[in-house]
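Undergrad: One-letter residues, chain by chain:
There are 2 protein chains.
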Amino acid sequence: MDAAEFRRRGKEMVDYVADYLENIEKRPVYPDLEPGYLRSLIPNEAPLEPESYEDIIKDVERVIMPGVTHWHSPYFFAYFPAASSYPAMVADMLCGAIGCIGFSWAASPACTELETVMLDWLGKMLQLPECFIAGTHGRGGGVIQGTASEATLISLLAARCKAVRRVQTINAKKSESEILSKLVAYTSDQAHSSVERAALIGAVMMRKVPTDNRYAVRREMLKKMVEEDKAAGLIPFYFCATLGTTPSCAFDHLTELGPLCNEENMWMHIDAAYAGSAFICPEFRPLLNGVEFADSFNFNPHKWLLVNFDYMTAAIHWQIPLGRRFRSLKMWFVFRMYGLKGLQAHIRKQVALAKEFESLVRADKRFEICAEVVLGLVCFRLKGSNELNQELLKRITKSREIHLVPCQLSGRFVLRFAICARTTESHHIQQAWQHITQLTFELLQEASH
Amino acid sequence: MDAAEFRRRGKEMVDYVADYLENIEKRPVYPDLEPGYLRSLIPNEAPLEPESYEDIIKDVERVIMPGVTHWHSPYFFAYFPAASSYPAMVADMLCGAIGCIGFSWAASPACTELETVMLDWLGKMLQLPECFIAGTHGRGGGVIQGTASEATLISLLAARCKAVRRVQTINAKKSESEILSKLVAYTSDQAHSSVERAALIGAVMMRKVPTDNRYAVRREMLKKMVEEDKAAGLIPFYFCATLGTTPSCAFDHLTELGPLCNEENMWMHIDAAYAGSAFICPEFRPLLNGVEFADSFNFNPHKWLLVNFDYMTAAIHWQIPLGRRFRSLKMWFVFRMYGLKGLQAHIRKQVALAKEFESLVRADKRFEICAEVVLGLVCFRLKGSNELNQELLKRITKSREIHLVPCQLSGRFVLRFAICARTTESHHIQQAWQHITQLTFELLQEASH
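Which chain is which? The protein sequence lines are U and G, in order. The first sequence begins at 168 in my numbering and counts up by one. The second sequence begins at 168 in my numbering and counts up by one.
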């Protein structure tokens, strides 16, 4: 494929992409096939001779599309959103063409510098404290990490390093491995599995802090564990707070926990992977109060800030060698094409859709809401057994009209309804609820026989 | 930007990208500006209201392009190649539109399954042993990692876990932290800094093994260190071999080292980030002999296999949760549009260009070649002081006609000339050499005054 063919094929692909997204809701949102379906559809080895582009593009509908879970369908309500927007897609084409590897300033100055400034834009949108902003003096500042998991890992490693140094300042005779064996990290029992994995990788202990009846960590619970561990000769050094947990979008109490961490010389990291984007709206910003006590903070613009394709995580207040692709280009295009007001409107619209769904659930006495609806996630279930709810979800999944995933809350099997696609509108919510109640009706009728 | 505008702007961007790449050699390959140049060119904050696309696209030439190091210019000879090809760019557009997050099979079955099969295609292209292939039974198999650094880290963590279990099987009373404090990993003194960093993250000791006069690790050198460490009560558990080191593209002697690692119960990982792609050519495959002793293997198709944009690393024989984007789509498009023969032709052409440059250097008595030219990298220098060579490189960089980076080999300052861009041809090599000799002439004339 030379430049001339790329001009032709690239433009065809632009139309294919636009067609795909304009008609996505006609496709079943979830695939209907068995694991291993793909291997038999394509050869076992790469071809020796080049194939034609026509053959390849035909295979997209034959091989790929039947196996795609359509994350950008307005009927996709599973997991959390994966952001997508047209400006981000255009920017990504440019990013690919430049194709630089920004591992140092000289390797592509624009790549390094735009990233620093875009992370400052982000930090200001979130009204982060001054110390999180690089500015021109740059003691703080953010970088784009590959994933939220990486951001959490890096914060834990930084905290580990700092803790070892601190202990050795007091007692120079202690070996690093002796100190490591005493370090304890903490996080919520609702935290994402990547937090626990960070501790495994970093070879330090991690304790799960029990949460209150709203699935949040409170000061007293953490304090009790820290005291016990100190009494046992251990060294508490790190707490990872979650703002917007994966199961129920719960918020740890930063304003209580932050001062405790500061008193105890513990690094406080904030993982706000999903919820972080919402803090650009003044009405949601109070959920971030207490960030001034934190040592580091990350969230995923690729979840809810319309910056698609890449795993973007803003890990602020801690610098490591920069991300590799020219990913900040996408932020630049998106922030400018939408403006802060446009981004806020997107967040508010999706929160309103979640509230609309919540109202529908609350109006139906067969159902209950299982956690406060703060942002775009509704946790609900049929009043009744876990088995009943499992069966309902099974039927929802099988029907392939909408797609949900479950979670466990206080031992109960709960359905998670997350507003995901940029194109989800009120009528999709209404239709989704009608579909759920229809399946519920059939299920309860069968159950009563 | 709605779908209609995306159709228009996307097609304009396809033309911009094609224009950029067709005319890239007219741009200075390296930017001429000072750190911090960008911040003053754009606002300090995101705009409140949306901006027009025209304004944004105008800023690409005003703000971004002056700060880009053009990795795909045929005059770019720095670092190692960052692959780029038109089919990969078209595939990336599709990947972005699907925009799925493949963290589990259900999250997008096609994403998981195509990746498994594409890594098998890759493994077969490299003629890896059967145990590295997933096939339909799947005890081996590969995944796409974010970077080679991650692949190395994961192999080290796997080895650490295996070593702890092994020691505890023999002596159940030993605590994990006690064992961790005794573990020792090894790698070449020529290895990439990411290997050392993996050990830092994993909180284990790492020793650098001295290399022979061809910058390769030999059996005896590693054996001696292992024996000494065992005598000191330590537990050797991991060796990271390098095939194609960053400074000089040297190759550790796998066929000697593999059996030693197996005898000593040490995990052998192979980092072939750059050189790995070349093993698809039968004439270079012998460099990989000994892989049958290895526990894991990684290389970067995004360096030399025309699969651009993303940081693809094939980490074979070790499975972790899958990569996130639908990155295998790009492999699929590229492997099929080029065919194995097309990919081999690309490797061979670039190796031939390196040999052509080597001949030019060898024919000029003022210069010397500093390491065997095996693939696409030529290490050379002016006979004379390090200062002289530093001055030459400084002038090359300042002229911005070609771009090189240096390395240190045996304490000497050496210039690295790597064949990088897909579009580099013989006349670019000739012109680059003419440029270097012209600068040399001026430099030596000044020095003689």
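Misleading hints may appear alongside valid ones.
Any copy will do: because identical chains look the same in the list, a pair fits if it lies in one copy or spans two.
Listed next, the in silico DSS-like pairs over lysine-lysine satisfying Cα-Cα at most 27 Å (straight line) [claimed, not checked]:
hint : residue 1 : residue 2
1    : K397      : K340
2    : K329      : K375
3    : K375      : K340
4    : K178      : K390
5    : K225      : K522
6    : K193      : K565
7    : K390      : K532
8    : K565      : K341
9    : K291      : K340
10   : K340      : K225
11   : K508      : K225
Calculated directly from the structure, the hints in this document are not laboratory data. From a predicted model like this one, the values you see are computed outputs, not experimental measurements.
Undergrad: Between K390 and K532, at a C-alpha cutoff of 27 Å, which is it: within one copy, between copies, both, or neither?
TA: Classified as neither; 40 Å inside a copy, 73 Å across copies.
Undergrad: Taking 27 Å as the upper bound on the Cα-Cα distance, should K375 and K340 be classified as within, between, both, or neither?
TA: between (31 Å within a copy, 26 Å between copies)
Undergrad: Go through the copies and call it for K291 and K340: within, between, both or neither, with a Cα cutoff of 27 Å.
TA: neither (44 Å within a copy, 53 Å between copies)
Undergrad: For K565 vs K341, is the C-alpha pair at or below 27 Å within one copy, between two copies, both, or neither?
TA: neither (59 Å within a copy, 50 Å between copies)
Undergrad: Up to 27 Å between alpha-carbons, please classify K225 paired with K522: within, between, both or neither.
TA: neither (42 Å within a copy, 41 Å between copies)
Undergrad: How would you label the pair K193, K565 (within, between, both, or neither) given a Cα cut-off of 27 Å?
TA: Cα proximity of K193 and K565: one copy only (16 Å, versus 57 Å across).
Undergrad: Go through the copies and call it for K508 and K225: within, between, both or neither, with a Cα cutoff of 27 Å.
TA: between (41 Å within a copy, 23 Å between copies)
Undergrad: Pop the pair K329 and K375 into one bin, within, between, both or neither, using alpha-carbon distances up to 27 Å.
TA: For K329 and K375, the Cα distance is within 27 Å both inside one copy (22 Å) and across copies (25 Å).
Undergrad: At most 27 Å between alpha carbons: which applies to K178 and K390, within, between, both or neither?
TA: neither (59 Å within a copy, 58 Å between copies)
Undergrad: Treating 27 Å as the Cα threshold, decide for K397 and K340: within, between, both or neither.
TA: both (20 Å within a copy, 24 Å between copies)
Undergrad: Is it within a copy, between copies, both, or neither that the alpha carbon of K340 lies no farther than 27 Å from that of K225?
TA: Classified as neither; 67 Å inside a copy, 60 Å across copies.
When held up to the earlier numbered hints, the structure conflicts with 4, 5, 7, 8, 9, 10 and fits the remainder.
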